[in-house]
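Asks: Whole structure, please, built from the sequences with the hints as guidance.
Using my numbering, the letters of the sequence shown correspond one by one to residues 711 to 1028.
None of these hints come from the bench; they were simulated from the model. Any given hint could turn out to be false.
What the hints assert, rightly or not - Within a straight-line C-alpha distance of at most 25 Å, the following computed SDA-like cross-link-like pairs (lysine to any residue) qualify:
(1) K864 / D889
(2) K866 / S910
(3) K838 / M875
(4) K864 / I826
(5) K901 / F911
(6) K891 / A837
(7) K901 / F953
(8) K901 / D889
(9) K984 / T1019
(10) K967 / A988
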Amino acid sequence: MQRLRQYTLYHTICLLLKADSLKYLLDSPSSIKNISKWRCQLTEYDIEYVPRTSVKGQAIADHLAEFPIEDDTPINSDFPDEEIIQVDSEENKFAWKMYLNGAVNSTGSGIGAVLISPDGRYYPIAAKVDFPCTNNVAEYEACILGMQAAIDFKVKELEVFGDSMLIIFQTLGQWKTKDAKLVPYHEYLEKLEENFEKISFTYTPRIKNQFADALSTLASMVYADQIKAPPNELRPMAVPWPFSMWGIDVIGPINPKASNGHQFILVVIDYFTKWIEAITLASITANAVARFLKHDIIARYGVPETIITDNAKNLNNK
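Replies: Here's what the structure looks like:
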C-alpha cells in the first residue's frame, strides 16, 4: 500500500475477502498493538470490504491459476458427431396421452381429464361429482373418466399423467392401497387396463397439469338442479311456554383467540323467546357444560323440559 500510495490515495479500493474476520479486525477497535497500528495506517485510504458470496466462478479461476496449461499442449478442436443435424426422441409417437385431476372444495367436487391424440389434438372431459368425496376419491374418478373416454376412442396405447402421487404409485403397485374406500377404485382401474395393449402411469407436477386442474375446478363449481326435500316429513315443534325448550351448541375453535385465551363459545337459545345465553371457554368439557347449565340456565330460568343438542361428546356426558 505504501508503494502504491500515490495511486490509491485518491481512489476507492475494493478489498475482496474470503471471510469476515479480516473486516472485523480492521473495522473494530482492538487492544492488540500491531493490529491497532495497521488499522490507523489504513484509515487514510478509502477501502470497501467486499465479501465473496459466491465461489463457483472463482473456484475455476483459482484452479486454472494453480494448474496452468503449458503452451505446447495441443488443443483438440474436434467436435464429436458434428455431422448430426437432428435427433429424434425414442418416445412412442403412436401413443395417446392423458392428463387427469380432481378438485374438492366448499362448492362441490369436480373431475377433469384431457386426452391428447398423437397428432396433437386435445379432447377435454369434465364432470361434476354429486356425492361427498375426498380428494383421493376425486383423483380416482378422474382417472376412470379419462380411461373410459380413451376406450370409447379405441385407444390401444395410453400414457397417463397425474399430479397425485398416491394414485399414480398405487396404480404402479409401488404403494399399497390401505384405504378401504379406494380399494374398489383400484380394482376397477385394473380391469380397465386390460382394454389397452400398452399403458403407463407417470407422476407430473401440478404446474404441468394446469389444463386438467382447471377443468376439474370448473366442474366442481357447476350448479345443477338438486332435490333438497327432507327425507321425512317436517313437523313444527310446539313450545308450550317460555324457557321450557333450549337448544345448545358449540362455536369454535375461533382464530385468533380471545384476549383471555378462550377459543370456544357455548351458546344456548330459548326456542320460544329466542333469548340467548352464551359463555366463552378455553376448552369444551362435560364439566364446563354442566356448570354453565346449572348456574346460567337452571338457576335463572328453572329446569327446562327439553334440551336439544347434536349429541356431541362434551354434551353427552363423555
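Asks: All the hints need checking, so say for each whether the structure fits it.
Replies: Quick rundown of the hints versus the structure:
1. Of the supplied pair hints, the one linking K864 and D889 is violated, its CA atoms being roughly 32 Å apart against a limit of 25 Å.
2. Restraint check for K866 and S910: satisfied, since their Cα atoms lie roughly 12 Å apart, inside the 25 Å limit.
3. With a C-alpha separation of about 22 Å, the suggested pair K838 and M875 falls inside the 25 Å cut-off, and the hint holds.
4. With a CA separation close to 13 Å, the supplied pair K864 and I826 stays within the 25 Å bound.
5. In summary, the hint linking K901 to F911 is supported, as the alpha carbons are separated by about 15 Å, within the 25 Å threshold.
6. Restraint check for K891 and A837: satisfied, since their Cα atoms lie roughly 20 Å apart, inside the 25 Å limit.
7. For the suggested pair K901 and F953, the alpha carbons sit about 61 Å apart, so the restraint of at most 25 Å is broken.
8. Using a Cα cut-off of 25 Å, the hinted pair K901 and D889 holds, with the two alpha carbons roughly 19 Å apart.
9. A distance of roughly 16 Å separates the Cα atoms of K984 and T1019; the hinted pair therefore holds under the 25 Å criterion.
10. Annotation: proposed proximity of K967 to A988 holds, straight-line Cα distance about 16 Å (limit 25 Å).
The earlier numbered hints that this structure contradicts are 1 and 7.
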